[in-house]
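Take a look at the letters that make up each chain.
2 protein chains.
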Amino acid sequence: MAESPITQRSQDFAAWYQDVVLHGDMAEPAEIVKGCMVIKPNGYAVWEVLQRELDDRFKATGHQNVYFPLLIPQSFLQKEAEHVEGFAPELAIVTIAGGKKLEEPYVIRPTSETIIGHFFAKWIQSYRDLPMLLNQWANIIRWELRTRMFLRTTEFLWQEGHTAHSSHEEALEEVLRMLDVYADVAENIMAMPVIKGQKTSAEKFAGAVRTYAIEAMMQNGLALQSGTSHDLGQNFGRAFDVKFQTKEGQLDYVWQTSWGVSTRLIGGLIMSHSDDKGLVLPPKVAPVKSVLVPIYRKDDEKAQVLEAAHRIAADVGAQGVKVKIDDREGPSPGAKFFHWERRGVPLVLELGPRDVAANNIVLKRRDTGAKEVLPQSEVAARIPEALAQMQSDLYAAAKQRLKSNTVLANSIDEVQSILADVTAEKGGGKFVMAHLKDDPVCDARLKEFKATVRCIPLVDEYDGPGKCIVTGEPVDRRVVIAKSY
Amino acid sequence: MAESPITQRSQDFAAWYQDVVLHGDMAEPAEIVKGCMVIKPNGYAVWEVLQRELDDRFKATGHQNVYFPLLIPQSFLQKEAEHVEGFAPELAIVTIAGGKKLEEPYVIRPTSETIIGHFFAKWIQSYRDLPMLLNQWANIIRWELRTRMFLRTTEFLWQEGHTAHSSHEEALEEVLRMLDVYADVAENIMAMPVIKGQKTSAEKFAGAVRTYAIEAMMQNGLALQSGTSHDLGQNFGRAFDVKFQTKEGQLDYVWQTSWGVSTRLIGGLIMSHSDDKGLVLPPKVAPVKSVLVPIYRKDDEKAQVLEAAHRIAADVGAQGVKVKIDDREGPSPGAKFFHWERRGVPLVLELGPRDVAANNIVLKRRDTGAKEVLPQSEVAARIPEALAQMQSDLYAAAKQRLKSNTVLANSIDEVQSILADVTAEKGGGKFVMAHLKDDPVCDARLKEFKATVRCIPLVDEYDGPGKCIVTGEPVDRRVVIAKSY
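Chains A and B are the protein sequences, given in the same order.
Heads up, the first sequence is in the numbering used here, so the first residue is 357 and it goes up one at a time.
Heads up, the second sequence is in the numbering used here, so the first residue is 357 and it goes up one at a time.
Misleading hints may appear alongside valid ones.
Identical copies carry no separate label here, and so any pair may be met within one copy or between two of them.
Derived pair list, reagent style EDC-like, types lysine to aspartate or glutamate, alpha-carbon separation capped at 20 Å [to be verified]: (1) K755 with D412; (2) K456 with E441; (3) K806 with D631; (4) K415 with E404.
Don't read these hints as lab results, they were simulated from the structure.
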């Protein structure tokens with residue numbers, strides 16, 4: 357057997373990730389544009405599945421899609437003090453257009469709160485115009501120093517929801533509703549368990565009152581912030597003068613939210629489930645759920661096998677699952693198996709002359725590698741079952757990993773020693789649950805050993821109040837501390 | 357009755373268009389970003405319908421979606437001489453990023469042939485890698501001087517197909533296949549008849565060997581180029597050194613194509629069907645196909661009417677057509693009728709207490725304004741029929757308009773006098789069929805009175821060969837000359 361082109365996880369997790377992305381036809385670095393990637397067919401097809409799942413949920417919760425300009429007048433960013441401070445270092449700036457130097461440069465959107473704030477001010481006059489529930493699918497540029505495909509790229513694709521409300525209560529409900537939508541897609545579609553929580557003030561979005569996030573654990577134990585939902589309070593309402601007349605006839609600033617997930621989700625998906633053979637995709641996000649590889653040598657075998665293959669594909673198709681028949685000339689069956697294995701296809705069916713003679717077919721599951729010989733008459737019923745089983749097994753495995761790599765710590769030294777040697781390459785990461793105050797001093801202490809508070813969980817699954825391991829002050833629950841992407 | 361907020365077509369067609377766009381909730385100018393617009397909910401929803409129709413056809417013809425970077429190294433544009441000459445004046449250029457002046461500036465893609473050429477060179481080695489059939493959905497920036505919402509904006513949304521082939525024949529088949537896909541969506545989904553043809557060399561895409569286009573006629577008689585499909589020959593293959601080993605073992609440059617349609621299609625849709633009351637959407641592109649407006653004054657009427665409304669909506673829903681019930685409190689029924697009329701909803705249902713008592717309902721078609729009183733038991737069957745009828749009536753009307761505004765001319769003076777007074781505001785445009793040589797000298801002669809050759813039709817529906825009205829040389833068919841957007 358030829359040596360695998362994929363680095364083993366135990367050797368170098370970061371190199372493994374890169375190999376899985378490349379050999380899975382998910383993306384490749386676009387080295388000629390700093391920190392960018394090309395999203396390749398399999399990667400983009402996964403993104404389309406995620407878009408559909410998310411977009412359906414956005415629409416079901418009353419949001420409408422819109423599109424705002426890519427370019428934002430530079431002065432807009434400066435209207436919200438924290439916002440410009442957070443984003444200024446990462447901006448890409450257009451200074452020349454149409455052959456002329458621009459009087460006021462434009463920035464390429466690093467996020468769209470500011471330009472949307474401008475339009476909210478035009479569109480919102482009265483409580484009758486509220487809530488305004490918008491979303492856009494767009495590309496974003498943030499000039500990052502260290503980049504990794506999907507996880508952090510200078511350009512990425514995302515959706516950004518932007519809403520305006522007449523009260524803080526209603527805005528907060530929206531923030532948590534969309535956090536739930538993200539958790540639903542992560543857990544039930546991507547099979548990626550997440551912890552819902554609040555970010556510390558040091559880690560919140562630049563310009564938000566409060567940021568909520570879903571945090572997932574990768575196979576190396578590092579955390580991945582996978583989606584955020586921001587309570588913007590009246591900060592942008594004030595900055596862009598978005599006032600409305602209340603039911604009582606007063607003028608007030610609107611209460612805003614914003615929330616987003618990006619192509620980063622795909623990085624999380626890959627690092628949640630893939631293995632040393634390459635990409636593993638949970639059935640619900642797999643663009644191709646099953647492939648049939650016909651095996652034959654002579655022409656008469658070929659005719660028989662392909663005839664049976666098409667019949668079986670039609671049977672399975674009637675159950676709502678498309679079977680792709682890989683009838684390419686040229687590559688050997690072995691090469692085809694590797695091809696689909698590395699692309700993460702959940703189920704591969706093998707069909708050779710002996711199977712045809714015996715009315716059998718072989719079904720192989722991508723995650724377990726288990727092979728099952730089935731009567732052809734049963735395969736149409738079996739495939740949806742096998743897909744459902746694989747989906748729930750992947751979730752259970754990821755959930756178990758999260759559980760067994762979550763530990764409690766009761767002193768800062770303990771936290772530090774648990775996380776000391778953890779890197780993206782070597783792995784060994786843990787989610788350390790400790791009592792810690794939401795205070796920049798505490799965040800700074802963790803930074804000393806490159807850890808962060810991932811979130812203050814919404815639900816306390818541990819022992820309630822305790823004393824902050826840095827300041828000794830009382831806090832009401834343990835927070836999640838980890839190294840992260 | 358209040359005066360219509362929409363300018364009449366006969367008064368000022370350009371002002372009418374702007375009013376229809378604004379009052380149809382389709383878009384609004386983003387005056388703070390030169391030549392940009394915000395695509396509003398109704399406009400974006402139409403774009404989503406068009407995306408789905410197009411994307412399904414792209415996939416059915418074997419294409420895969422991918423995503424390439426927004427930013428392109430400036431030097432890439434210069435590799436193809438005609439290409440850079442065509443696009444250089446329209447570029448938006450990023451010179452600063454991450455707080456530093458860039459050594460090599462990036463341009464924001466005005467189209468992606470160059471960056472894709474770079475990757476084709478990496479990905480393609482052998483005839484076995486061909487054809488490579490890719491498409492991307494993306495935003496584009498071209499710094500235009502005069503802009504109009506949807507029709508010409510500095511930023512627009514589009515798809516761009518990029519393919520590589522091992523022979524010119526195969527590439528040309530692809531070019532014409534995708535032109536057919538565009539014509540299919542224009543005619544059968546948008547109800548917008550088009551003429552398929554070839555552009556003159558003066559009008560072709562910068563860098564193409566040959567450009568094909570679909571041309572539609574707007575209600576003011578102006579032409580709108582609605583989609584293009586380019587035979588790039590080996591021009592970009594040579595510029596980016598995209599070589600492949602042929603079956604015979606030789607090295608050759610690939611033959612490429614590219615093809616695109618954009619949010620401009622929505623402008624064409626609006627100017628094909630809308631009327632003095634506002635937007636008219638053909639049923640197949642209408643995000644909301646039917647709305648039921650309940651009419652009541654007292655509370656007991658309200659209960660009865662809404663109960664019947666929900667029952668009817670469920671019946672119609674069972675036929676696969678969603679009925680949106682406009683049960684907003686506040687606006688009067690009259691205000692609701694105007695609201696949906698201006699948004700182009702194909703069918704509006706009215707239901708009041710007297711209708712409920714008589715088991716009737718009123719159905720009103722947006723295009724004809726015709727009202728029909730129906731027994732409630734028939735409405736579920738009637739709605740799909742009415743939608744289909746409206747779809748084909750809109751196409752027939754547009755086709756008839758195209759026919760009656762197409763005229764023949766046999767001298768350049770005749771062409772000039774037919775088109776002399778035509779403007780986007782006043783209308784009166786015609787498609788003038790005349791014999792004209794594909795020679796920049798002839799294109800230049802038309803420019804004197806602001807007309808252009810829209811295309812050399814693929815199918816000659818007229819009288820075959822004749823003499824060029826400018827040079828007197830023999831040409832094989834009449835071409836379409838018009839004023840255009």
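Quick rundown of the hints versus the structure:
1. K755 with D412: neither (26 Å within a copy, 36 Å between copies)
2. K456 with E441: between (28 Å within a copy, 16 Å between copies)
3. K806 with D631: Answer is neither; intra-copy 27 Å and inter-copy 63 Å both fail.
4. K415 with E404: both (16 Å within a copy, 13 Å between copies)
In summary, the numbered hints that this structure violates are 1, 3.
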